[in-house]
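Given only the sequences and the hints, what does the whole structure look like? Please build it.
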Amino acid sequence: MDLAFFSVQLLNGLQYGLLLFLIASGLTLIFGIMGIINLAHGAMYMIGAYLVYDLTFRLGSFWLAILAAIPVAIALGLIIERLFLDTLYKRDHLYQVLLTFGLILVLNEAQRIIWGGDVHSVPVPELFSGRIQLTDNLQYSHYRLFVMGVCLALAGVIYWVIRHTRLGIIIRAGAVNRDMVEGLGINVRTLFTLIFSVGVALTAFAGMIAAPLTSIAPGMGDSILITCFVVVVIGGIGSIKGAFWGAILIGMAETFGSVLIPSLASMVIYLIMAAVLLVKPRGLFA
Amino acid sequence: MSATMLETRGLTRRFGGLVAVNEVDFDVRENEIHAILGPNGAGKSTLINLLSGEFPPSEGEIRFQDRPIQGRKAQQIARMGIGRSHQKTNVFPRLTCLQNCQLAARIHLGGVLGSWRSRQRARAVDERALQALETCQLVYRAYTPAAAMSYGEQRQLQIAMVLATEPTLMLLDEPMAGMGREETAQVTELLKGLADTYTLVLIEHDMDSVFRLANRITVMVDGCVLETGPTAQIRASEKVRDVYLGRHQEEVHA
Amino acid sequence: MLHTYPKRVVVIMLVLTAIVAIFPLWGPAVFGAQSDFMMEKMTLMLILALFAMSLDLLVGIVGLVSLGHALFFGLGAYTLALASPAFSPAAIWWMAPLVMLVAALAALVVGFLVIRTRGIFFIMTTLAFGQMLYYFVSTSRHTGGTDGVFIMFRPSVEVGGAVLLDLDNPLTFFYVCLAMVVVGYLFLRWLTRSFFGQVLDGIHDNEHRMEALGYATGHYKLVAFVISGVMASLAGMLAAMQYGFANPSQLGWHTSGEVLMMLILGGMGTVFGPILGAFAYEILQHTFEHLTTHWPILMGITIILAVLILPRGIAGLIIDPPSRASLAKSSPLRWLKPGRAAPASEAVKPAAPAPREG
Amino acid sequence: MKTTVKKTALASLIGAGLAIGGVVNASDDPVKLGLMLPYTGTYAALGEAITNGLELAIARHGDQLGGRSVEYVKLDSEANPSRAPQNMSRLVRGDNVDFVIGPVHSGVAMGMLRVAQQTGAITIIPNAGLGAATNELCMPNVFRTSFSMWQDSYPMGKVAYDRGHRRVVTITWDYAGGKEDIAGFEQAFTEEGGEILQQILVPFPSTEFQSYLAQIGSLRPDAVYTFFAGGGGVSFVRDYAASGLKDSIQLLGSGFLTDGNLAAIGEAGEGVLTTLHYAETLDTPQNRAFVEAYQAAYGDMPDTYAVQGYDTGMMLVQAMEAVGGDTSDQDRLITALSNIQLDSPRGPLAFSDSHHPIQNVYLREIRNGRHEVVGIAHENLEVPDEACNM
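Chains as they are written, first to last, in UniProt numbering: chain G, 1 to 286; chain R, 1 to 254; chain U, 1 to 358; chain V, 1 to 390.
Because the hints were derived from the structure by calculation, they are not lab data. The beta-carbon is built from N, C-alpha and C at its ideal position, and this holds for glycine as well. Any given hint could be a false lead.
[Stated by the list, open to error] If we take Cβ atoms under 10 Å as the criterion, some of the chain U residues that face chain V in the derived model are:
| hint | residue |
| --- | --- |
| 1 | A29 |
| 2 | F31 |
| 3 | F37 |
| 4 | H142 |
| 5 | V149 |
| 6 | H219 |
| 7 | F245 |
| 8 | Q250 |
| 9 | I283 |
| 10 | H286 |
| 11 | T287 |
| 12 | H290 |
And the structure:
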């Protein structure tokens with residue numbers, strides 16, 4: 001492996017990892033603060049992508065589509081939290097697993113009813129349609145760089161919110177000890193609704209900005225879901241920092257693993273997860 | 001003076017930057033009731049948790065019957081004969097009173113395989129469980145699910161469960177917490193009776209009970225031992241009165 | 001008291017068992033030409049009932065929510081598929097023990113690693129191990145990959161050359177599966193009422209306290225995990241025998257999710273509930289598929305409603321039939337009335353005055 | 001099948017008893033077609049296209065098969081192999097269908113074949129391309145109207161060599177279908193004297209291709225041969241173009257890479273060469289008529305899957321005509337089916353002894369968002385079936 005190839009793969013791993021972080025951050029917030037295990041998280045990613053696909057053609061602009069899709073995603077989160085999750089907080093994880101599994105079935109089928117079973121794509125927006133030359137025969141699209149930038153910026157914003165705002169203190173406290181939040185005299189219901197909507201919106205947003213990079217197809221959320229679970233568990237449930245480093249680790253592992261040990265490529269992330277849990281049963285940053 | 005059953009040397013436990021228990025030297029003698037006093041956050045419960053192996057000490061040594069036990073798991077320490085009760089009610093609500101005690105009594109049958117051992121030994125276990133209930137005057141409740149019993153009864157059941165494990169040393173974390181006056185008196189009597197056969201370490205807020213029960217008292221403040229001595233000595237101690245009792249009174253009247 | 005149920009449970013289960021057992025008598029009259037197919041379907045439901053029961057030991061009794069239980073189901077299927085000789089039937093006398101042994105070893109290894117984790121971590125690690133085996137089987141040269149493998153012969157049940165049971169006969173196979181479910185049920189019933197079962201209940205309620213009492217709870221959980229895995233592998237072996245086919249999708253997390261749905265429909269922790277759940281789930285899916293090609297949406301809604309309204313499943317209805325008053329109080333009805341946002345508390349813990357902290 | 005025979009016999013007996021003097025045969029009963037196709041999930045679009053094609057063929061013949069009306073029993077295969085045997089069994093034993101048509105997914109096909117073997121139900125596979133179905137596992141009662149992975153990729157090996165490519169990287173998903181497809185290409189390409197630099201297997205169903213593209217870039221092959229389908233195909237072609245590799249390294253592929261997905265692929269697909277047994281732009285009267293009828297009925301351009309469904313329907317139409325609508329004699333029906341020769345939209349179509357289509361495979365290039373037929377990559381290609389004995 002020469003240096004140029006290595007650097008290119010580093011870039012690929014980083015970009016994939018950053019996108020994973022964006023999806024996983026919502027998951028880990030919901031896990032950590034609300035204690036809710038949300039299997040339908042992948043479906044939210046899918047819905048984000050489909051929304052942007054739909055709206056891009058309706059509104060004629062990718063950027064307008066994103067602007068219009070975000071409130072829809074937030075509203076979806078709001079509805080799900082109020083309608084379904086509200087009664088589940090005090091119950092065993094099992095019920096959350098089952099309810100959100102049911103939600104996957106409903107959302108996937110709703111997607112098919114609304115948008116059909118065909119594969120779609122969204123063109124890369126004009127503004128970032130250029131490419132930079134990496135090696136003599138390999139180029140890198142500006143849009144991928146843009147996505148990296150957005151993910152990093154959002155990671156920065158989330159980090160700042162968690163470190164320097166009152167909400168952040170509550171979130172950090174909640175991740176360690178949920179009862180404490182109630183003790184702080186905070187309206188837990190409002191907080192939960194807020195966190196869930198933000199979590200859903202983050203994931204859907206990841207689906208939106210990833211749309212021009214990927215193909216929009218039924219079931220696209222299912223495979224990303226399990227990868228994100230692995231990220232969250234490796235990083236430590238509820239830890240944004242953990243989600244970040246976990247995502248980068250998994251991004252790198254998948255990128256380099258597929259090249260270096262192709263025979264284990266499909267299992268490499270699970271092996272890493274097992275290894276991490278063997279050493280630190282609560283994740284790296286818990 | 002009787003022999004030392006348990007002693008600690010330089011016992012320390014840190015949580016992050018917070019030192020919950022700081023270089024505590026502490027000893028318990030056979031067949032005494034040793035009470036631990038101290039304001040909230042003094043490190044009493046942490047000390048008990050260290051003794052029972054709930055978590056390992058950061059530093060220091062714990063010797064039980066002349067064997068070091070620090071770092072062992074809670075279940076091992078329990079089987080060595082240190083039984084404990086928790087501050088919060090901790091019985092199994094879906095099981096009956098008797099089943100709760102049976103569960104406790106059977107820990108000496110051995111591990112998983114022991115759960116299918118001979119009937120004869122099982123009978124011995126049942127007897128021990130009943131005995132524990134009798135000691136705690138709960139026999140009439142034997143077949144009541146724990147969830148259906150009153151709070152005070154549940155607290156007593158918890159003591160019965162500790163008894164059923166046949167401990168040599170009992171660590172009781174606020175056994176009378178949240179009880180009414182009458183129930184408190186009842187449990188005080190019960191504990192007094194136990195002192196003949198068992199060694200007790202007791203965390204308790206109820207001053208009257210402590211002074212009536214304890215042979216010796218250790219007073220803790222901010223994770224350190226302020227003073228240790230016979231009950232009379234502590235009762236008379238200026239230092240304790242200033243630091244602890246005074247504060248405690250304020251708290252009560254606040 | 002725990003694991004003792006009203007008489008009507010016994011009566012209902014016996015009646016249902018009898019109805020299933022005498023299916024060959026009434027099946028043709030009710031289903032006509034479809035009778036053979038219905039018996040086949042019922043055989044499948046029995047196999048799934050065994051599978052669901054095995055998971056109930058983990059989820060309902062010990063309180064360990066596994067999202068990777070299909071691992072053992074698929075392992076049973078694949079052990080049968082790969083160990084069967086190509087041109088002759090295997091003898092059940094060594095095949096069944098082999099399947100159980102392989103599953104026990106796998107459960108021991110996986111269990112050793114996952115038992116250390118708790119709560120969400122347990123769910124996630126079991127999921128990860130299930131997926132690991134799923135990908136291994138999907139990509140390995142020796143397992144037929146994603147297409148799966150055929151099992152050309154069902155194992156033989158012979159003693160000294162005399163055929164005891166002809167498993168190729170659908171009727172015989174049906175009764176074998178029925179017998180397996182009955183035996184499995186009796187075994188779990190005995191297990192849950194034994195002292196070992198009491199310890200498991202204790203762990204479910206308060207593991208921490210069990211440790212303080214002196215129990216090495218990890219050992220008990222591991223043994224339960226192994227027993228559950230072995231039972232699931234037997235179900236997987238029967239499933240592979242029924243259709244002569246093993247496929248990686250039997251190992252995937254969707255299969256694990258489905259069997260959890262059977263648990264919720266039937267009622268967890270009751271041992272008999274999952275049997276009802278397996279039947280209910282299959283009947284529902286069969287019906288929905290007939291109704292519309294959008295059947296997953298109906299299935300999803302059913303599961304959501306079951307979680308919200310009927311968390312104790314069908315078993316809960318039988319043990320404790322709802323009264324008019326309790327119906328009026330149920331959360332969905334209450335939820336219909338605006339302005340009452342009190343979250344429903346499902347806590348099982350006894351109501352006790354909050355003790356002081358400190 | 002036993003029950004069906006009995007049932008039909010019984011029905012005709014009763015019928016004969018009731019309608020004295022009238023000529024009554026089994027034609028009073030509709031012919032039951034059991035469709036076991038994916039109507040939900042990832043493959044739903046394929047299931048719908050096949051169904052459309054099938055219904056179109058039968059509708060164009062008066063909605064009748066051999067003079068009998070037709071009843072469709074549609075069952076969602078969920079593309080879930082573990083449910084395949086029970087679903088197949090439901091169609092055959094539960095709904096007593098006369099023909100089973102399905103599936104799309106190869107894993108599901110395995111499960112169905114097992115039951116087809118046990119029950120003897122006549123099964124027509126309108127898509128799944130696993131080689132074994134008409135080779136090791138061939139059965140008298142199983143037909144295929146589609147392709148095998150090998151059939152569509154083998155011709156590309158020669159094409160690649162003839163175009164001057166000597167060193168090629170192959171890339172596909174690490175699953176059975178992909179590996180079979182790549183094997184066909186590699187076989188032909190190395191026979192010609194070409195070299196496979198590396199075979200890359202991507203975990204299924206990942207669509208994250210960046211690291212593999214970098215790998216391809218550093219290997220500097222003359223061409224890349226690939227098999228992906230559905231969303232994976234769209235992603236790969238788009239990513240390949242976006243990485244700039246398309247400018248220096250020719251992209252070859254199985255037709256499934258782009259079929260049905262041209263709109264989603266967009267500009268990125270221009271110049272990609274694929275081989276397949278059909279192209280919607282085939283300039284034959286049969287195809288023009290088919291495309292017109294399909295567009296009139298459904299408003300969409302047909303794709304390969306629709307043609308496969310259509311040919312399945314045509315096959316049924318002809319075979320049922322040959323036996324006069326009588327499904328009771330299964331051997332006669334099977335003989336009728338295996339003797340069928342179709343003037344399909346895809347060209348002449350006949351069946352081998354193992355019941356696999358003998359058909360042309362076309363070389364197609366994407367130009368202006370359409371699969372333009374460059375030529376016939378292999379005429380009347382027959383698939384090896386030495387392992388088949390029936």
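Inset, instruction - Would you settle whether the hint for U/H219 is holds or violated, based on the nearest Cβ-Cβ distance to chain V being less than 10 Å? - result: 34 Å, violated
Legend entry - U/F31 as chain V interface residue, shortest Cβ-Cβ below 10 Å: 9 Å, holds
Inset, instruction - Would you check whether U/H286 satisfies its interface hint, that is, whether its CB is within less than 10 Å of any CB in chain V? - result: 8 Å, holds
Inset, instruction - Would you check whether U/H142 satisfies its interface hint, that is, whether its CB is within less than 10 Å of any CB in chain V? - result: At about 13 Å, which exceeds the 10 Å cut-off, the nearest Cβ of chain V leaves the hint on U/H142 violated.
Inset, instruction - Would you settle whether the hint for U/A29 is holds or violated, based on the nearest Cβ-Cβ distance to chain V being less than 10 Å? - result: 16 Å, violated
Legend entry - Status of the hint placing U/I283 at chain V (closest C-beta pair under 10 Å): 13 Å, violated
Legend entry - Restraint outcome when U/T287 is required to lie within 10 Å of chain V by C-beta distance: 12 Å, violated
Inset, instruction - Using 10 Å as the Cβ threshold, decide whether U/V149 counts as touching chain V. - result: 8 Å, holds
Inset, instruction - Under 10 Å, Cβ to Cβ, is where U/H290 needs to be relative to chain V, so tell me if that hint holds or is violated. - result: 9 Å, holds
Legend entry - Minimum beta-carbon distance criterion (10 Å), U/Q250 to chain V: Result: holds, 4 Å to nearest chain V Cβ.
Legend entry - U/F37 as chain V interface residue, shortest Cβ-Cβ below 10 Å: Constraint on U/F37 satisfied, holds at 3 Å.
Inset, instruction - Report holds or violated for the interface hint on U/F245, using the least CB-CB distance to chain V and a cut-off of 10 Å. - result: Constraint on U/F245 satisfied, holds at 5 Å.
In terms of the numbered hints stated before, the structure departs from hints 1, 4, 6, 9, 11, listed from lowest to highest.
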